[in-house]
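**Student:** In order, the protein sequence lines correspond to chains A and B.
For the first sequence, the numbering used here gives the first residue as -10, with consecutive numbering after it.
For the second sequence, the numbering used here gives the first residue as 1264, with consecutive numbering after it.
Watch out, some of these pointers could steer you wrong.
To spell it out: a stretch of chain B is covered by chain A in this simulated footprint if at least three of its residues, at any positions, have a beta carbon under 8 angstroms from a beta carbon of chain A; those stretches are [said to hold, decoys possible]:
(1) 1513 to 1527
(2) 1733 to 1747
Label-pair ranges, simulated between beta-carbon atoms [unchecked claim]:
(3) Leu8/A <-> Thr1713/B: 29 to 39 angstroms
(4) Arg68/A <-> Gln1769/B: 22 to 32 angstroms
(5) Val1304/B <-> Leu8/A: 27 to 37 angstroms
(6) His30/A <-> Ser1735/B: 30 to 40 angstroms
(7) Met34/A <-> Ser1735/B: 27 to 37 angstroms
(8) Leu40/A <-> Lys1402/B: 43 to 53 angstroms
(9) Leu40/A <-> Ile1415/B: 43 to 53 angstroms
(10) Tyr16/A <-> Thr1401/B: 42 to 52 angstroms
(11) Trp37/A <-> Leu1757/B: 24 to 34 angstroms
(12) Asp74/A <-> Thr1713/B: 49 to 59 angstroms
(13) Ser1290/B <-> Leu8/A: 28 to 38 angstroms
Among chain B residues calculated to face chain A with C-beta under 7 angstroms, some are [claimed, not checked]:
(14) His1649
(15) Ile1719
(16) Gln1720
(17) Ser1725
Worth flagging that the hints you see were computed from the coordinates, not collected in a lab.
In this text, a Cβ means the ideal position worked out from N, Cα and C, and glycines have one as well.
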Amino acid sequence: MANFKQKDNDTQLPRAVGLRRILRWFYAACALVLILDIVIHRHVMHPWENLLFFYCVFGFVACVILVVVAKWMRKPLMRSEEYYDND
Amino acid sequence: MIELPSFVIFFIGAVGALFLRGRILASWAITVPVISGLLLVLSDPTEQAVTMSVAGIELTIFQPDRLSLVFGYVFHIAAIFGGIFSWRMTNPISKATTLVYAGSALGAVFCRDLISLFLFWELMAFSSAYLVVCSGSTKAARAGVRYLTIQIISGLLLLAGAVLHYSQTGSIEFTHMGLSGTAALLIFIAFGIKCAFPLLHNWLTEAYPESTPDGTVFLSAFTTKVAVYALARGFAGTESLIYIGAIMTCFPIFYAVIENDLRRVLAYSMINQIGFMVCGIGIGTELAINGATAHAFNDVIFKGLLMMSMGAVLYRTGKMNGSDLGGLYKSMPKTAALCIVGAASISAFPLFSGFVSKSMVMSAALEEGYMIIWIALLFASAGVFHHAGIKIPFFAFFAHDSGIRVKEAPTSMLIAMGIAAFLCIGIGSFPQLLYSLLPYETNYSAYDTTHVLAQIQILLFSALAFVWLKLSGIYPPELRSVNIDVEWIYRKGLFTAYRTGAYIVQTLVSYGYTLLTRLAKRTFRGITRVTGRSSRLASERTVDLMIVSVVVSFAVFLVYHLLNL
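Isolated chain A (complex conformation) (with noise of 0.2 angstroms):
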């Protein structure tokens, strides 16, 4: 597997466009829409939808149940690039 690593330096988000600002402003919406949940009346069709905070937990993990699997996908699927070339 040595030849699959490389250098990953993209855990660096752009500085230039101001990331902290970004993400400053990001997590505020997302504490928005938190307390949007509680006050505003929805109505419902699934018995789900009336737990607190449903769609905010269940969009967060359900992104990250994807990106652990996949992430675990990739040991048994992951080949080198020229895996086709002698076919």
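Keeping the supplied structure of chain A fixed, place chain B upon it in accordance with the hints.
**Tutor:** Coordinates of chain B only, in the frame set by chain A:
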């Protein structure tokens, strides 16, 4: 007004394109769909049918209705922005092929009998296969051949189903058939292949990313949407489609997260979006069919926009892997902005087009009581934002700075993307424009507080998950790699199976040969022992005895006879 089938205009246009060069050719490829589109909008083609009699069979080659018109309109739009995007494609054969491809897609949705459908189906297969191979690389050529093989299999299944259907019912009319009998099943599988049903999907993810920047834009618009239309006409309300659709929405997103080639990420995400349509067709209520059709309409535009933005990146940088790109917003800010509009649309952000159509399918699933399906669709909605909404723009234009400095995309490409982006926002903001075109009358409103808030919550917290995973380093980095999918079966598996099978057969044959030889030797030895020279049967004494016994028995016989006289 005389009804002129849209495909005729396109085919005439294609012949014309072969004789044109340069800018005239480029303008011609835009003019043809514009003229055909205007004719379609200005006339009322639902009034009468254009029929043709071939070998005693009446073919209905052009009879639009509300369902097919939605697809017809959006195919024109796609042909127009595709034509503008490929302004710099100067090869007359390629241009003509795009016109034939678009024309046959229009022919397929506007015809109303199975034989014409088959003919357009195959024409689409050949013209699109040309677009796959036209990038000229060996890899594309191989992918193109595999693509064509699978498309032809789909066509043959359709033909077999059509012939069987004709022999059973005496009719070749293409109308609602449902999943009853072998004929319908064959046709269903034929549609399923083009629709990229799970396990039959790999032709799409393999071939589309191999085409040229322009070719993929056309490819992404037509084939799969024709299949969606065909399913909606023939198999609306077939329950198995709900489950097939739900699987289609969920499984490709895992692949999309770990895929490095960004156009292949979009190909996986295309299967995910078709899943929503297939699911809606399976539910089969008016709201669901409207939702599926509207989503197909929107998908052609926003997927086209995303494919164009990636095409522009590929055109300028020559690279398409997430691991090689990054930081391009500095060089290509307009392309980046347009790509984000496409990303917001596919993620179904309120005010963008995906939102007004996807929510129809999800509401229909809830209304009909498919709770688990609804959960699956909700999961897929969160996932699509993750892999298409964030991943595509992030790894191409932001992420780490790859150091690539190029020019902004050419004006023609920006105009094409601009038109698509304008439509994404326009439809998202004024959904009634789209709703008025749908097959059934609808008073559906996507913009109520419940829907909007729920969607914003799910999207923001999906994004929050991305931020957390990225900052904590859990998010898998883009790596140069390929991921094994169903294609492994026919690219590696069958070969391995053949080799193993051949070995087993060879061993069995040689073992059987040895066994037979041994058996034969033993049998001959046995026979020799009884009849050979030194055997009892061949000894002299036995011969004497035999002669004596013959003579004696003859004498006894004579005596007996004598006595009887």
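**Student:** Work down the list of hints and note, for each, if the structure agrees.
**Tutor:** Here is what the structure says about each hint:
no.: 1; hint: 1513 to 1527; in the structure: holds (count 5)
no.: 2; hint: 1733 to 1747; in the structure: holds (count 14)
no.: 3; hint: Leu8/A <-> Thr1713/B: 29 to 39 angstroms; in the structure: holds (33 angstroms)
no.: 4; hint: Arg68/A <-> Gln1769/B: 22 to 32 angstroms; in the structure: holds (29 angstroms)
no.: 5; hint: Val1304/B <-> Leu8/A: 27 to 37 angstroms; in the structure: violated (47 angstroms)
no.: 6; hint: His30/A <-> Ser1735/B: 30 to 40 angstroms; in the structure: holds (36 angstroms)
no.: 7; hint: Met34/A <-> Ser1735/B: 27 to 37 angstroms; in the structure: holds (35 angstroms)
no.: 8; hint: Leu40/A <-> Lys1402/B: 43 to 53 angstroms; in the structure: holds (49 angstroms)
no.: 9; hint: Leu40/A <-> Ile1415/B: 43 to 53 angstroms; in the structure: holds (50 angstroms)
no.: 10; hint: Tyr16/A <-> Thr1401/B: 42 to 52 angstroms; in the structure: holds (49 angstroms)
no.: 11; hint: Trp37/A <-> Leu1757/B: 24 to 34 angstroms; in the structure: violated (44 angstroms)
no.: 12; hint: Asp74/A <-> Thr1713/B: 49 to 59 angstroms; in the structure: holds (52 angstroms)
no.: 13; hint: Ser1290/B <-> Leu8/A: 28 to 38 angstroms; in the structure: violated (44 angstroms)
no.: 14; hint: His1649; in the structure: holds (5 angstroms)
no.: 15; hint: Ile1719; in the structure: holds (6 angstroms)
no.: 16; hint: Gln1720; in the structure: holds (4 angstroms)
no.: 17; hint: Ser1725; in the structure: holds (4 angstroms)
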